[in-house]
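Asker: Here are the chains, one letter per residue:
There are 2 protein chains.
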Amino acid sequence: MVSIHNISFPITNSLPIEVSQMHKFSQSLCDNNGINETIIPHNFAYTEWTVIDTKFEPNSLQHRETVFTIGNGYLGTRGSFEEGYPGAMPATLINGIYDDVPMVYTELVNCPDWLPIVISIEGERFRLDRGEILNYQQQLDVHKGLLSRYIHWRSQAGHTVKIYFERFASLAQQHLTAIRCQILSVDFTGEIEIQSSINGYPDNQGVCHWEWLDQGEKEDIIWLNTSTRHTNLELAIATQLQINNTENTEIQIKGCQGYPTVAASMYIQPGKIITLDKIVTIFTSRETATPVKAAKDKLANVSDYLTLRSAHIEAWAQVWQNNDIIIEGDLIAQIAVRYNIFQAIIAAPQQDDRVSIPAKSLSGFSYRGHIFWDTEIFLLPLFTFTQPKLARNLLNYRYHTLAEARHKALDFGYEGAMFAWESATTGEEVSPRWVPLADGSKELVRIWCGDIELHITSDIAYGVWQYWQATGDDDWMSNYGAELILDTAVFWGCRVEWYPEKNRYEIRDVIGPDEYHDHVNNNAFTNQMVKWHLETAIIVLNWLRQNYPHRANELETQLKITPKRLDIWADISKNLWISQDLQTGLIEQFEGFFNLQDINLHDYEPRQKSMQSILGIAKANQRQVLKQPDVLMLLFLLREKYTKQVIETNWNYYTPRTDHTYGSSLGPSIHAILACEIDKLTAAYEHFMRAAMVDLEDVRGNADEGIHAASTGGIWQAVIFGFAGLQITETGPILNPHLPPSWNRLQFKIQWRDRWYEFDLKLNPAE
Amino acid sequence: MVSIHNISFPITNSLPIEVSQMHKFSQSLCDNNGINETIIPHNFAYTEWTVIDTKFEPNSLQHRETVFTIGNGYLGTRGSFEEGYPGAMPATLINGIYDDVPMVYTELVNCPDWLPIVISIEGERFRLDRGEILNYQQQLDVHKGLLSRYIHWRSQAGHTVKIYFERFASLAQQHLTAIRCQILSVDFTGEIEIQSSINGYPDNQGVCHWEWLDQGEKEDIIWLNTSTRHTNLELAIATQLQINNTENTEIQIKGCQGYPTVAASMYIQPGKIITLDKIVTIFTSRETATPVKAAKDKLANVSDYLTLRSAHIEAWAQVWQNNDIIIEGDLIAQIAVRYNIFQAIIAAPQQDDRVSIPAKSLSGFSYRGHIFWDTEIFLLPLFTFTQPKLARNLLNYRYHTLAEARHKALDFGYEGAMFAWESATTGEEVSPRWVPLADGSKELVRIWCGDIELHITSDIAYGVWQYWQATGDDDWMSNYGAELILDTAVFWGCRVEWYPEKNRYEIRDVIGPDEYHDHVNNNAFTNQMVKWHLETAIIVLNWLRQNYPHRANELETQLKITPKRLDIWADISKNLWISQDLQTGLIEQFEGFFNLQDINLHDYEPRQKSMQSILGIAKANQRQVLKQPDVLMLLFLLREKYTKQVIETNWNYYTPRTDHTYGSSLGPSIHAILACEIDKLTAAYEHFMRAAMVDLEDVRGNADEGIHAASTGGIWQAVIFGFAGLQITETGPILNPHLPPSWNRLQFKIQWRDRWYEFDLKLNPAE
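These protein sequence lines map, in sequence, to chains E and D. Everything in the first sequence is counted per my numbering, starting at 70 for the first residue and increasing by one. Everything in the second sequence is counted per my numbering, starting at 70 for the first residue and increasing by one.
Hints should not be assumed to be uniformly reliable.
Copies of the same chain look alike in the list, so a pair counts if it works inside one copy or between any two.
Unchecked claim - For lysine to any residue, the following SDA-like pairs were computed, each having C-alpha atoms within a straight-line distance of at most 25 Å:
#1 K818 / Q538
#2 K287 / K458
#3 K678 / N622
#4 K511 / P632
#5 K713 / E604
#6 K633 / D542
#7 K362 / Q225
#8 K678 / V173
#9 K511 / A472
The set of hints was computed from the structure by calculation and includes no laboratory data.
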């Protein structure tokens with residue numbers, strides 16, 4: 070049972086918490102969807118637009134910090150407390166700000182922290198690990214993009230206060246963030262001091278990346294200028310503390326090195342409210358040559374908190390106009406879908422096409438801010454069909470990293486472009502090669518993804534093709550997209566091997582999407598995607614020749630696309646081997662998979678670890694156990710090529726062999742979609758909820774490390790391609806819906822070739 | 070040409086710089102020793118007791134920081150500037166404060182920085198990277214243990230000031246450090262603000278180890294309490310800013326999180342001097358359960374700066390009473406020897422026998438504060454013969470880590486105690502297993518020292534034996550030393566292998582002191598030391614049986630020393646094979662060394678890299694090139710076993726094949742000693758100077774990483790065992806001197822069996 074506190078806090082300026090809309094999560098869960106409660110613990114209360122934490126849980130602090138991440142595509146900030154807490158992991162990550170680090174080469178840098186607000190009550194510091202918490206509520210309103218927190222607290226000395234924090238990262242102005250802090254004295258008369266700081270000493274789990282350059286102050290404004298230690302990216306952050314009741318207030322600047330602070334002290338008595346607004350501006354040398362000036366100038370010209378807040382809320386309202394998905398009859402699905410869309414949107418660069426979306430978005434340190442296929446295959450469709458400008462930004466990132474993809478191909482002895490499995494600033498391969506063995510020994514294990522997980526190169530081509538098909542953006546396709554598809558095809562033409570004795574092409578020594586198996590030959594996913602890729606490359610070139618002959622000529626010369634090469638592409642796309650039973654349609658994940666020892670995953674239940682952790686790397690490699698659905702993924706991506714019967718056959722074979730719970734978080738949404746296609750609605754909903762709650766309810770136990778960004782996009786696809794059954798026909802989008810029984814209504818919009826299509830499915834409205 | 074500025078700074082309280090004693094380094098160098106000037110660049114000016122930097126060189130900032138390290142055995146602090154500088158590497162290392170770190174397991178932690186003093190002149194910050202330096206001098210007085218700095222500086226706004234800093238880490242009170250700061254206005258009238266801080270955000274080259282716990286302030290005192298993140302060691306540091314001229318002074322506390330600061334602002338006019346004293350106390354949970362209370366209490370009871378300073382100087386005067394070595398006729402040798410003794414003493418734990426001396430003392434991050442054989446073989450003799458109490462502390466550290474040495478032996482399948490090649494808190498093996506290849510590729514190379522560089526185990530036994538012989542400390546020997554020698558002998562008894570077909574014992578697959586060659590068989594150094602070790606173990610056991618029969622019995626039972634085991638030890642010490650030409654006495658470094666490809670090191674000159682860097686690891690392994698003199702090291706340690714002719718033969722063979730310049734810094738002092746024994750005085754002096762100036766003149770180009778601690782002890786041995794020719798006979802110490810021609814006098818003391826022996830060699834005093 071989660072109890073919701075009805076906090077009647079006398080916040081001025083109409084910031085009431087919408088208690089009336091609240092529902093109890095546990096009740097909703099049982100009422101609405103019948104999901105096994107043990108899978109999804111009850112951490113939060115939910116309304117249609119809000120996630121509400123009603124009880125301070127220090128033991129899952131870092132999970133909460135992830136869930137309450139806010140952002141605006143430029144930066145993301147975890148939901149850490151303004152006043153700090155022991156064991157907290159605060160982080161503000163700005164997309165594109167990477168710095169060098171051993172073993173994993175580069176990582177997204179934890180930037181100077183704009184949150185710190187320390188409140189001292191008669192010299193006693195407000196901190197939740199001391200004193201007594203009488204009431205507590207933290208909530209994220211994803212409609213407004215506001216994170217707020219109420220605390221009713223009594224200090225060790227017995228002074229009682231109510232404190233309200235609210236913060237946002239402006240969607241209207243990407244370089245601006247703000248916090249409002251309100252303090253009500255319940256029973257205390259005396260001095261309160263509020264210190265508002267910039268913490269110039271953030272770290273990435275023990276690694277610090279910043280070098281102090283300069284700092285300064287002017288009246289109530291303080292600023293800090295720092296530089297990354299290795300990549301020499303400059304950052305400037307400025308903040309002003311606006312105090313609404315200035316009588317009796319003494320302002321003091323405390324310019325400690327690297328930790329500029331402005332302090333306000335004032336007297337308070339019972340019933341009185343103090344309101345302070347911390348306005349923050351942030352710029353880096355990625356946007357301007359003079360970040361300090363930019364931050365100071367912007368701060369000098371901002372309006373007050375409430376005006377900034379209104380503009381921010383209005384920007385979100387605009388987004389939700391097109392991006393909202395309405396689900397009626399299933400509150401949990403409703404808020405979960407909106408929450409995942411919110412997390413996807415705040416991770417997407419709005420004004421920058423030289424960055425992409427990291428695997429953990431801008432919300433945590435895991436995967437070091439590196440870019441994977443997660444972007445093109447899982448996240449991109451959401452943007453392609455709702456915010457194509459953002460989709461183009463993401464694809465342009467790949468275009469800008471072509472030079473390094475060509476280097477990588479050359480390094481491995483091939484022509485064309487071979488994209489990095491893990492990518493960051495330049496596109497150079499940044500997959501770690503060695504990682505510590507998880508068994509506690511002191512040995513390292515060699516990770517081969519950066520060498521042989523090759524499918525990323527076709528995944529990017531797929532994203533390009535899908536974007537072009539959905540948008541009809543011929544201009545972009547001719548200038549950028551075609552080059553991406555063609556130069557990666559050049560790579561495949563070199564990489565594929567002809568085996569005359571077998572009279573077929575093969576691709577040996579790869580890792581497919583299922584990373585439990587490495588160094589495999591003829592991975593079906595990889596081979597079929599390459600067939601598709603080379604077919605598509607020929608189509609794209611022919612289209613280019615017809616419509617942009619000059620550009621076609623240019624690319625043929627530049628990429629050395631000779632007639633002979635085109636013949637080989639055509640031949641490969643016909644004769645690249647895939648192991649499939651022609652009768653049943655069952656596809657073998659890779660050559661020899663069916664000879665591996667079979668496994669019954671039920672024998673290992675209950676478990677709290679991945680099958681790879683349980684079996685060890687070597688044994689998992691020798692078993693028919695999957696980290697994620699390799700073949701099913703293929704059936705989803707190229708779904709027009711496969712019959713329902715083939716999908717069903719493969720589903721039935723691979724689903725029981727997949728580590729759904731602790732394998733890859735990418736899998737469940739794909740399983741949900743395919744389950745819809747073969748009318749397995751109960752299973753579809755189960756997989757859907759496993760994906761939808763992965764962060765909110767910490768289904769996998771690793772949400773503390775950051776948002777599962779791919780899953781946020783996967784959820785969107787599960788709703789649109791799965792439950793709604795969106796299909797693109799020659800005349801446009803149509804639906805083939807398979808709604809879960811509890812859903813009374815599903816409403817959403819997509820954009821296709823410059824037109825918006827609004828779908829509103831109302832099922833049995835009268836019953 | 071180094072020019073010495075005669076700074077006439079009106080420091081009060083008699084702190085004049087002793088300009089009259091100064092000599093120019095370049096002149097002294099040419100006059101006195103004829104060393105090739107290209108080997109030793111001219112960085113500093115020297116007097117008999119001081120090292121003086123006369124010109125600010127931002128390009129060698131970190132080298133200067135190492136050279137000007139101060140300390141007191143409890144902590145060491147690099148000579149970084151109070152006001153900071155871009156690219157500086159400030160560090161305060163407290164012995165025993167280790168924290169976890171990836172790849173190298175554990176490292177000595179950079180502790181909260183007690184140095185920061187920021188001076189603002191009318192809002193303009195004093196910083197040497199801005200404005201104009203009109204005069205500059207930094208000097209370390211090793212007699213008094215004082216580091217001072219004068220700067221005559223004009224700000225960008227045109228305000229001119231003279232600033233004097235002086236600091237010390239009290240040798241009289243190990244938890245106390247202090248800084249005096251004096252400011253004279255030359256032409257400026259207006260406000261000066263001085264911020265004195267504790268920086269709670271230090272890092273180890275990008276790795277931060279501290280978590281903030283608490284901080285506070287009371288009047289002009291501020292304190293900070295932090296904890297290491299993984300090992301949970303608590304540290305408290307408190308500081309008070311004492312201002313001598315309190316009229317017009319406004320004191321402000323700036324309690325920024327993790328960076329507590331006290332600021333004093335005052336008005337100044339031309340000719341006026343401001344004097345501020347920053348007194349600091351530091352405690353950790355290694356010494357007290359309540360470090361905050363300890364730091365605050367101690368600070369509450371300290372006297373003023375000059376009194377504390379006097380006590381500190383007096384403590385150093387006491388040390389120099391016994392530890393000084395007087396060299397007349399060679400100023401550079403004089404100051405270099407004193408400087409090296411100073412650096413050795415400030416690294417040695419005075420009141421703690423659960424820590425030892427890290428490879429880079431407490432002065433830098435290289436080798437992560439790990440403990441090697443450097444302590445027992447290079448540093449220990451200095452302490453054994455001059456401060457036996459400190460020597461005992463160092464050996465007790467090994468005694469306290471016996472449990473982990475036994476674990477290591479067990480892990481490798483042996484009995485007894487097998488000491489870690491690299492050791493830290495517990496004695497667990499902390500040698501890194503994998504390190505990045507230096508060639509810029511992304512690959513790692515496996516380092517085998519922690520597995521097979523076994524000689525450390527006998528090196529420790531050697532240190533025990535030498536300490537016992539020199540001190541006659543039978544009590545300690547029976548309680549601690551004997552167990553160390555015997556249980557390590559048990560290990561060797563298991564590790565040595567019998568080859569019946571060869572009728573001999575062998576030790577295969579080891580690394581000797583010369584680490585250019587790994588996985589070698591029958592390394593002469595290792596095998597001969599093991600022979601000595603097992604012989605010695607039998608002697609020790611017999612002594613114990615005669616003098617401490619109860620203890621002998623106890624150890625025989627505990628360590629399972631059976632008659633059979635003793636027979637094997639005796640047999641091994643007779644039949645363990647060493648490859649030596651019986652006619653010439655030439656010892657083969659290891660089996661097969663003479664078959665390796667020979668090399669002429671002159672072919673590679675001039676060079677600025679080690680031969681291993683030039684050849685690569687594999688090729689160096691296949692050549693007759695040495696990182697350090699493996700066989701010669703043996704001849705030095707067991708010098709009573711070898712004739713002058715054998716030494717000469719081996720010297721002649723190995724010296725031209727040794728990488729003296731960029732191989733191991735441990736080698737030159739040993740070469741110097743052996744050169745004395747065979748009357749090669751020119752060579753002896755050359756090797757001696759290469760060791761003596763390794764840090765002062767950055768002979769190897771890596772002094773920025775920290776003091777070469779082993780070399781500081783090696784220098785002492787080179788003077789005492791080499792030039793003075795100290796030999797211990799049955800009746801006591803005698804000398805067999807071989808003084809360099811320029812030395813008119815060599816005076817020193819050693820302690821032998823509780824008696825002090827003073828030697829005063831005056832050569833040709835009248836000529």
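Asker: Taking the hints in turn, state whether each one holds.
Answerer: Going through the hints against the structure:
1. K818 / Q538: This pair counts as within: shortest intra-copy Cα distance 17 Å, inter-copy 90 Å.
2. K287 / K458: neither (40 Å within a copy, 57 Å between copies)
3. K678 / N622: Result: close neither inside a copy nor across copies, 54 Å intra and 52 Å inter.
4. K511 / P632: neither (54 Å within a copy, 38 Å between copies)
5. K713 / E604: Only inside one copy: K713 and E604 sit 23 Å apart there, 83 Å across copies, limit 25 Å.
6. K633 / D542: Cα proximity of K633 and D542: none, with 30 Å in one copy and 88 Å across.
7. K362 / Q225: The answer is between: 20 Å across copies meets 25 Å, while 43 Å in one copy does not.
8. K678 / V173: Answer is within; shortest intra-copy Cα gap is 24 Å, inter-copy 28 Å.
9. K511 / A472: Result: close only across copies, 19 Å inter versus 37 Å intra.
The earlier numbered hints that this structure contradicts are 2, 3, 4, 6.
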